[in-house]
Each structure stands twice: as structure tokens, then as C-alpha cells.
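Protein chains: 2
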Amino acid sequence: MEIKTALYLIPVNISNAPFADTLPPGNLEILKGLHHLIVENVRTARRFLKRCDPSFDIGAVTFYELNRHTDLAEVGRYLDPLRGGEPVGVMSEAGCPAVADPGSLPVSIAQREGLKVIPLVGPSSILMSLMASGFNGQGFSFNGYLPIEGKDRERKLRDLEAISRRQDMTQIFIETPYRNNRMLKVITEVLHPTTEVCVACDITDPEKESIVTLPVSKWRGRKYDYDKRPAIFLIYAGTKHN
Amino acid sequence: MEIKTALYLIPVNISNAPFADTLPPGNLEILKGLHHLIVENVRTARRFLKRCDPSFDIGAVTFYELNRHTDLAEVGRYLDPLRGGEPVGVMSEAGCPAVADPGSLPVSIAQREGLKVIPLVGPSSILMSLMASGFNGQGFSFNGYLPIEGKDRERKLRDLEAISRRQDMTQIFIETPYRNNRMLKVITEVLHPTTEVCVACDITDPEKESIVTLPVSKWRGRKYDYDKRPAIFLIYAGTKHN
Chain A
111 MEIKTALYLI PVNISNAPFA DTLPPGNLEI LKGLHHLIVE NVRTARRFLK
161 RCDPSFDIGA VTFYELNRHT DLAEVGRYLD PLRGGEPVGV MSEAGCPAVA
211 DPGSLPVSIA QREGLKVIPL VGPSSILMSL MASGFNGQGF SFNGYLPIEG
261 KDRERKLRDL EAISRRQDMT QIFIETPYRN NRMLKVITEV LHPTTEVCVA
311 CDITDPEKES IVTLPVSKWR GRKYDYDKRP AIFLIYAGTK HN
Chain B
111 MEIKTALYLI PVNISNAPFA DTLPPGNLEI LKGLHHLIVE NVRTARRFLK
161 RCDPSFDIGA VTFYELNRHT DLAEVGRYLD PLRGGEPVGV MSEAGCPAVA
211 DPGSLPVSIA QREGLKVIPL VGPSSILMSL MASGFNGQGF SFNGYLPIEG
261 KDRERKLRDL EAISRRQDMT QIFIETPYRN NRMLKVITEV LHPTTEVCVA
311 CDITDPEKES IVTLPVSKWR GRKYDYDKRP AIFLIYAGTK HN
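Quick note, the sequences are listed as chains A and B, same order.
FYI, my numbering numbers position 186 of the first sequence as 296, with every residue one higher than the one before it.
FYI, my numbering numbers position 165 of the second sequence as 275, with every residue one higher than the one before it.
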């Protein structure tokens, strides 16, 4: 297949779902045409490629690691093949690259130099949890991680609730998986009983996916265990549908 | 194929790209198992289903229209099949349902009644433009449409720029397609020369897709024509990568 000279942004599965359920087949065709891949971790990237297609010629691919150990001054050079006319891919560890991961740096460099950037379709826990929450999808914010320290976190949660109420916007954030239960407990202690909270967990997993929306008052009496599972939190205190 | 009893959120293509390039094949398998579909427009929904698979048995599907002419008090009844144990689908006119369209109402009702909701993967201009912009994907807001009136619009643009600078968040919004050029002109007149602006247009279209990021100062001298094309605007005045 003829591949355009571009920086391709290639989503990766976020669960054990069959690839046919979460990735367009065209993505694999493009992957097979790329010999340069910017990835967070070479080992897991290889595993993904082998799972995409056991016959994938991994030996023909040069990998460039981009993670918190990378000297960011080096990243510009990762695009040398693209400057020379060869397509380059960016892959995340899970989900869509350049959203909630370090992948946006090479994209930013490519845009600055007028190099073509092509995003591909794939699973995003941010977008899919928003769709399934029932909350306002016409106005929303993704806030990444909240502050870790107790008082700062509580203040941030109250701030997000106030913005949601005032601006009718859904507020989305994430937590380190082993602290998910603790986060939900704090949410139920700090926010107003009528504020709605959605916890979306193991998105796209055919067995374990769970996307539940309840008001704070109902979460308080509920049993749950989200620890060590990939989850995302959404709160909504607006008036849409109410 | 055995389909779970759930409300399925089914994305629709946003360009003339081959479906294999933007939709997972598993979505079609699920669509084939649904006999109840909530859609914005029955005619375009039928066309989509026929394009998915010319042998699709459309006669076996009951359609329920949800758009600005719908009496919202009726929407609860659209979920009667689901309450009776039959899966129901929600489709948008383009892109992901319940994001920037009326689809979130039935999702909200389903969540309130504890009915299972399952989002499927597909193209989203919001997410794909964010990926390809090079802007901060660890914090961003989608703001829907901005005010139409001149002074209100200018004030809103300056507000979004200030929030982006202060909170390091990408700000995303849309415009009615025939006013895209006018919107971009106002952006370049009102915002700071160093603020970065991405215009993403005809996303996923194999021929026409264009995703360009430039500072306001460079947009000012540039020729462009985005009118009557599906476009989305992103601005960023933060410090990531700078």
C-alpha cells in the first residue's frame, strides 16, 4: 500500500478486546507501510505489532523511544526520516497518542515545520466514557490528574463541581489505578449529594467493562472496587436533562 | 452474533473515507443484531446502514427520531425495547453519538434506570483534531459553539485564550460551516500574535483532510478557504513544548 509522507498518529487497544472490535482494519495497512515508529516502550510496541499481525516484519522497523527518560532535545531528530520523505508513526502505550501522553511533542514539531500530520481512529477512554456517561457532551473539560495532596485535591474537586454547575460542563479526570477507590471515596465526601458522578472502568473490555452514573448520594451507600483497574472519572452538576 | 442487552452508542463516518479506514468491523456485527435504532434522521441513517452492508435488512429495524423537532417527553419510551430485554442503538448524523449532538438524553435516561450502556469506537473530530494539533492533550476543553453576536464572540475568544494561558489547556470549539472563514478572521484579529491556532478540516477524508497549526501572526498573512467544509478550531496559549 502506498503511504503518504506524514506523521501518523496510531491508536493502540485499551483492553483485551479483539482488535476487530476497537480498531479499523485500515490502521494495520498503514502500520505495515511504516519503518519508523515513535513509541513509549519498545517491548510493548513490538507485542502490539505482533498481535496486530503475527507476520508483521518488526525487523524492518526502527523504534524511537519517547517517555519521561527521553532527552526532549533529541525528539526533533526522530522526525529526520519524515523530513527526508519517509512516513513516521507515533504510538501510545494505550489509546490515542498525543492525548494524555507524551506524544504531542513530535506532533508539535511537525506542525511547526509544516509537515503533514494524519490522526487515525481508535479507542479513547476520555471520549467513550463521555459518550456513555449521559452527561453534557456539548461542553466538557479533561483535567488530567488532580493534585495528590488532600486539601488541594478537595479544593480542586469543589472547583470542578462549581465550574460544571456554572458553565454546564462535564468535568473529566483520571487517577493512578491503585488509588481509584480512595479517589471515589473523597469525591463522595466532598461533593454535593445531587452532583452526578460517572466511573467508567475497563472500557471496551468484553467481560469487565463497567460504566456507571449515579448521584453522589447513591455512590455513598454503594459497594465498589475499582482499584488496579483502568478507570476514568466524570462529574456533572449542570442542568441538561434535569 | 449474540448481542448483550444494552444501549449501544454507534459512531458514524465523518467523511467519504472507506469505512475500513475509520470504523472497526465489530461495529457492523453489532448493528446487524439491533432492531431498534435511535437516530437524528431516518433517511441518512438508512443510507449509512446500506453503505455499511448492501444486504443490511433495514426492513427489520424500527427507527426512532431524536432531533430538535422531537418531543423530549417521548424519548423515555424509545427505551421500552431495552427495558424488555432487547438491545437498542443510538446513532449520530456524523461522528460519535452523545458528543455535540442530542444523543445524550436517552443515555442519561438509561443510566438513571441502571440499564447497561456500551460505547463503540469511531471517528471524533474533537479528539482527532486534538491529537493532530500538537497542543496540550493532558488538559483541554470543548466549548461547542461560541456566541454569534460580534462583541460577545470577541469576549469569549479572549476568555478562552486567557484560560488556555493560565491553566495550560487547549480550547476547542466549532462554527456553522458557512461561517468558518469569518470565524478564523475574527480569531486572527482578536487574539495575541503568539497564540497558536489549529484549524482541522475534512478530518479522515483521504483527499481533502487539512490540519494546520500556526501562530495567529502567520494566519494573518495566509490565504485559506474553509467555508462550507466541516472544520473545528483549537487555540492554545499555554507553555507546553515552548
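Calculated from the structure, these hints are not laboratory results.
The reader is advised that the hints may include incorrect statements.
To be verified - Each computed BS3-like pair below joins lysine-lysine, with the alpha-carbon atoms no more than 27 Å apart: (1) Lys114(B) <-> Lys142(A); (2) Lys261(B) <-> Lys318(A); (3) Lys318(A) <-> Lys114(B); (4) Lys114(B) <-> Lys338(A); (5) Lys350(B) <-> Lys266(A); (6) Lys350(A) <-> Lys328(A); (7) Lys142(B) <-> Lys114(A); (8) Lys328(B) <-> Lys261(B); (9) Lys114(B) <-> Lys333(A); (10) Lys328(B) <-> Lys226(A).
Checked hints:
no. : hint                    : verdict
1   : Lys114(B) <-> Lys142(A) : violated (34 Å)
2   : Lys261(B) <-> Lys318(A) : violated (50 Å)
3   : Lys318(A) <-> Lys114(B) : holds (13 Å)
4   : Lys114(B) <-> Lys338(A) : holds (26 Å)
5   : Lys350(B) <-> Lys266(A) : holds (21 Å)
6   : Lys350(A) <-> Lys328(A) : holds (20 Å)
7   : Lys142(B) <-> Lys114(A) : violated (34 Å)
8   : Lys328(B) <-> Lys261(B) : holds (24 Å)
9   : Lys114(B) <-> Lys333(A) : holds (24 Å)
10  : Lys328(B) <-> Lys226(A) : holds (17 Å)
Of the hints listed earlier, those the structure fails to meet are numbers 1, 2, 7, in rising order.
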